[in-house]
Amino acid sequence: MAVTEKAPAAAGPPQPPALSPRELLRWAWRQLTSMRTALLLLLLLALASIPGSVVPQSDVAPVDVARWKQDHPDLATVYEKLDLFSVYDSPWFSAIYLLLMVSLVGCILPRTAVYLRALRTAPPPAPRNLGRLPAYTSVESGDAPDVVLERARTALRGRRYRVSTGDGSLSGERGYLREAGNLLFHVSVIVVLVGFAYGQLFGYKGGAIVLVGNGFSNSLTQYDEFAPGTFFDPDDLPPVSFTVDDFEAEFLTEGPQQGQPVDFGADLTYVETPGDEPQDYHLEVNQPLLLDGMSVFLVGHGYAPEFTVWDGTGDVAYRGAVPFLPQDSSFASFGVVKVTGAQPEQLGFDGMFYPTYSFTMERGPFSVFPDALNPAVSLLAYHGDLGIDAGEPQSVYDLDTDAMERFEKDDGGMFRADMAPGKKVTLPDDLGAIRLDGWKRWVKLQVSHTPGKGIALTGVVLALVGLMGSLFVRRRRAWVRVVERDGRTYVEVAGLDRTTAGEGLDDEVRELAAAISGRSATATLPEDPAPEDDRKADR
Amino acid sequence: MTTEQFASFSDNAVMFAGIVYVLATLGHVVEWAATLARPAAVRSAVETAVPVGAGAPAAASSTASPEDDQRSVRIETAGRIGVALTVVGTLLLAAGVVARSFASDPWRVPWGNMYEFTLTGALGVAAIYLALLPRMRLRWMGLFVTTFLVVVLMLANLTLEQEAGPLVPALHSYWLVIHVGAAILATGAFAVGALTAGVFLLKAGVERRGSTRLHGLLEMFPSSDALDRLSYRLHAVGFPLWTFAALIAGPIWAEYAWGSYWNWDPKEVWAFITWVIYAAYLHARATAGWKGKAAAIIALIGFATLLFNFVGINFFFGASSQHSYA
Ligand code: HEM
Chain A
24 MAVTEKAPAA AGPPQPPALS PRELLRWAWR QLTSMRTALL LLLLLALASI
74 PGSVVPQSDV APVDVARWKQ DHPDLATVYE KLDLFSVYDS PWFSAIYLLL
124 MVSLVGCILP RTAVYLRALR TAPPPAPRNL GRLPAYTSVE SGDAPDVVLE
174 RARTALRGRR YRVSTGDGSL SGERGYLREA GNLLFHVSVI VVLVGFAYGQ
224 LFGYKGGAIV LVGNGFSNSL TQYDEFAPGT FFDPDDLPPV SFTVDDFEAE
274 FLTEGPQQGQ PVDFGADLTY VETPGDEPQD YHLEVNQPLL LDGMSVFLVG
324 HGYAPEFTVW DGTGDVAYRG AVPFLPQDSS FASFGVVKVT GAQPEQLGFD
374 GMFYPTYSFT MERGPFSVFP DALNPAVSLL AYHGDLGIDA GEPQSVYDLD
424 TDAMERFEKD DGGMFRADMA PGKKVTLPDD LGAIRLDGWK RWVKLQVSHT
474 PGKGIALTGV VLALVGLMGS LFVRRRRAWV RVVERDGRTY VEVAGLDRTT
524 AGEGLDDEVR ELAAAISGRS ATATLPEDPA PEDDRKADR
Chain B
13 MTTEQFASFS DNAVMFAGIV YVLATLGHVV EWAATLARPA AVRSAVETAV
63 PVGAGAPAAA SSTASPEDDQ RSVRIETAGR IGVALTVVGT LLLAAGVVAR
113 SFASDPWRVP WGNMYEFTLT GALGVAAIYL ALLPRMRLRW MGLFVTTFLV
163 VVLMLANLTL EQEAGPLVPA LHSYWLVIHV GAAILATGAF AVGALTAGVF
213 LLKAGVERRG STRLHGLLEM FPSSDALDRL SYRLHAVGFP LWTFAALIAG
263 PIWAEYAWGS YWNWDPKEVW AFITWVIYAA YLHARATAGW KGKAAAIIAL
313 IGFATLLFNF VGINFFFGAS SQHSYA
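Those protein sequence lines, which keep their order, are chains A and B.
Using the working numbering, the first residue of the first sequence is number 24, and each one after it goes up by one.
Using the working numbering, the first residue of the second sequence is number 13, and each one after it goes up by one.
Just so you know, these hints were derived from the structure itself, not from any lab.
Treat each hint with caution, since some may be false.
Cut-off 30 angstroms, straight-line C-alpha distance, at most; resulting in silico cross-link-like pairs (DSS-like, lysine-lysine) [as the list claims (entries may be wrong)]: (1) A:463 x A:446; (2) B:279 x A:476; (3) A:432 x A:447; (4) A:104 x B:279; (5) A:446 x A:432; (6) B:279 x B:305; (7) B:279 x A:92; (8) A:447 x A:463; (9) B:279 x A:467; (10) A:92 x A:104; (11) A:446 x A:467; (12) A:92 x A:467.
Please model the entire structure based on the sequences and the hints provided.
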């Protein structure tokens, strides 16, 4: 039934007519490069950018991604399929902006051709009835027509009109730079993307946490996270090495913003190529170390408590500093200690480091100040299997407690190892002991190399220049006609704005008329003795 | 003066600015009330000849009765008082913002936290409005702008107030001045533009449907064509500023501070979204079928993303954004 009802409805949605493949291709190309498609693609690009701001991105925050996956095990696989953890290099995101680029090129090329043709074409001759144009005025002049016309030419040229001469009239056009600016802007968008893509493909970005006092040499194994571009070969890492000699942080000790950092910086000694003299550099935020082929940035800092752990057999199973990650502005920091070599069972700890420990019944333990004035740790302890051999790569900042058991006190309460530096706590059941030996600071360094920066920067600057031209240059046409009537000379001036938001056209026409006639008072042109019917003349 | 004195001077100046803006709002309320009380025939004759606030002689006054003349004078006076008070309030606000710079030692730009961003943002809106008022004949929006400023200053004081202090190290850079300065100016232009686009939508709707209850009220505004043009010009001012702030100064600074010029940090993503949407707005204005209403809606969406970026990111993504200084 539905079919019979539908049949007579001939006026359905417009079907593309039956086309040959070539015509179809041309039709598709025209669709793709139409202004409407560009607009829709732009809106789509905006929409597609949103998920990447909501879901953590593995390039930006790998730790957050790992945590997120742990918290949402069901969704994680779905999200992964949809590339939601790496939106900005996913196929679907790339598809949108590649289509936009194709559309852009398809748009620029024909428009450039049109523009070049327009550049070589003279401004159109004066319409018959100038009075119908949006801006119009007429003035009487005491001079002879050719004198006036010559003056008109000068006046138009002075206002940077391009002038062509008609019969007793002049046509002027200006503002060609508007379209040039628009084309420049759109070309520059492509330049920026090329520069950006080049950097993404041939550059790299890595992050490393380095303990103060330790060194770093620029090779893959030294990085905690490393995101190479598709075509970047890790063998090309420049052979730079450095040590972090010192780190200082200063915090406000009083006032309402107490605890806010004032300054922090690290002293480095670096060797650019093996064999060079070591050099010193004071690294701060906003003050990176710029070397050939790599730059080093200070992006964070924190504490690394130092522990000694004894296992159930009484041997020292671990000794060293473990970076803890700051959780808030007071630098209360979370971290884990994994003692893989402990016998008879592996040991694990997780908990907090408080640089300036304090305790209240309501809040429990917390840090009142980011500097290490009264450091302490509070750890939970586990024994069992750390799961490190299971093959799944593990984050050093997370403890997999699936196969571990938490230590409990004899009365069944939670066992906690709360320690100030120097204090040693024995684990229940003779399974070992742990001591907080002290603490060190660490710095988080970002090392990166982004070739093509200059291209992208040039692109954006050109884009801005083009944009200003495209938005603020006025495209305008003006016509001047000199008429002799009853032995007097009249000048007619008319103008037309060719941009959406012309302002001041009337003023310009009035000023032109005054300049040309040499007078400022307008004079109505007397009726033509034989008025032509120019109603049909188009304007 | 000591830093504490600067701080309390700043607080006082901002408070007085708020009070003066309230008075300015009242001036515009009187202007509106008097205009609306005018008989409709006279009203529309005057309004079509001269947009409110053009400051030009009322072209239709020759046909109006002396009573109407008197009322016109009253409307004009109330409006002028509103604008004058807005100027005073803006000077006070500027003084407050500048004093805030000196309320910490060493002095710094007053753009260190949400409270200060909001103050400066309000100053940006006021400055853009006042700067463009004579050229673009913006007096019809006086009531809205002053009301907006009152509300923003109140919110800033009630919910965001933070005592003055030095900047966190991440902000130690002159790029802060350039980047945030341009972003604030752009925000001002976009805010005034969004207001215009919103009024345009109302007015265009009414013009299409003919007379409604809102008709009398909407005669206060310029014609929908004029509003559309105005909206375009405001966005045309805002867009290059935003391009510079978000896509040039921002990346250059990010490169210095964080080691890569574009990180897809939530704040960057939303700045990009805003930029793309405003680019779409400019396109829509040149696309058949999208001119006018659809374009105005896109402009409003653009402004919504801008506001969300300003306020929302700090609340929703606070911890994960490198831009969170709240
Ligand atoms: C990356 C994508 C693009 C961006 C960011 C972009 C941005 C812009 C901007 C900001 C303007 C405003 C300039 C003005 O109003 O004068 C503009 C104008 C214009 N764009 Fe695009 N555009 C893009 C892609 C395209 C594409 C694919 C086309 C081809 C269909 C196109 C065609 C135009 C045209 C014809 C104008 C002039 C409109 C006018 O006369 O006002 N654009 N574009």
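Each hint, compared with the structure:
Restraint check for residue 463 of chain A and residue 446 of chain A: satisfied, since their Cα atoms lie roughly 16 angstroms apart, inside the 30 angstroms limit. Between residue 279 of chain B and residue 476 of chain A the alpha-carbon distance is near 21 angstroms, which keeps this suggested pair within the 30 angstroms criterion. The hinted pair formed by residue 432 of chain A and residue 447 of chain A meets the criterion: a straight-line CA distance of about 16 angstroms does not exceed 30 angstroms. Proximity of residue 104 of chain A to residue 279 of chain B is assessed by CA-CA distance (about 25 angstroms); at most 30 angstroms being required, the pair is judged to hold.
Between residue 446 of chain A and residue 432 of chain A the alpha-carbon distance is near 19 angstroms, which keeps this suggested pair within the 30 angstroms criterion. Straight-line distance between C-alpha atoms of residue 279 of chain B and residue 305 of chain B comes to about 29 angstroms, which keeps the hinted pair within the 30 angstroms bound. Distance check on the hinted pair: residue 279 of chain B and residue 92 of chain A sit about 23 angstroms apart at the alpha-carbon level, within 30 angstroms; holds. Among the hinted pairs, residue 447 of chain A with residue 463 of chain A is consistent with the structure: their alpha-carbon atoms are about 18 angstroms apart, no more than 30 angstroms.
Annotation: proposed proximity of residue 279 of chain B to residue 467 of chain A holds, straight-line Cα distance about 22 angstroms (limit 30 angstroms). For the hint pairing residue 92 of chain A with residue 104 of chain A, the CA-to-CA distance comes to about 13 angstroms; that is within 30 angstroms, so the pair holds. For the proposed pair residue 446 of chain A and residue 467 of chain A, the alpha carbon gap of about 28 angstroms is at most 30 angstroms, so the pair holds. For the hint pairing residue 92 of chain A with residue 467 of chain A, the CA-to-CA distance comes to about 24 angstroms; that is within 30 angstroms, so the pair holds.
Hint violations for this structure: none, all hints satisfied.
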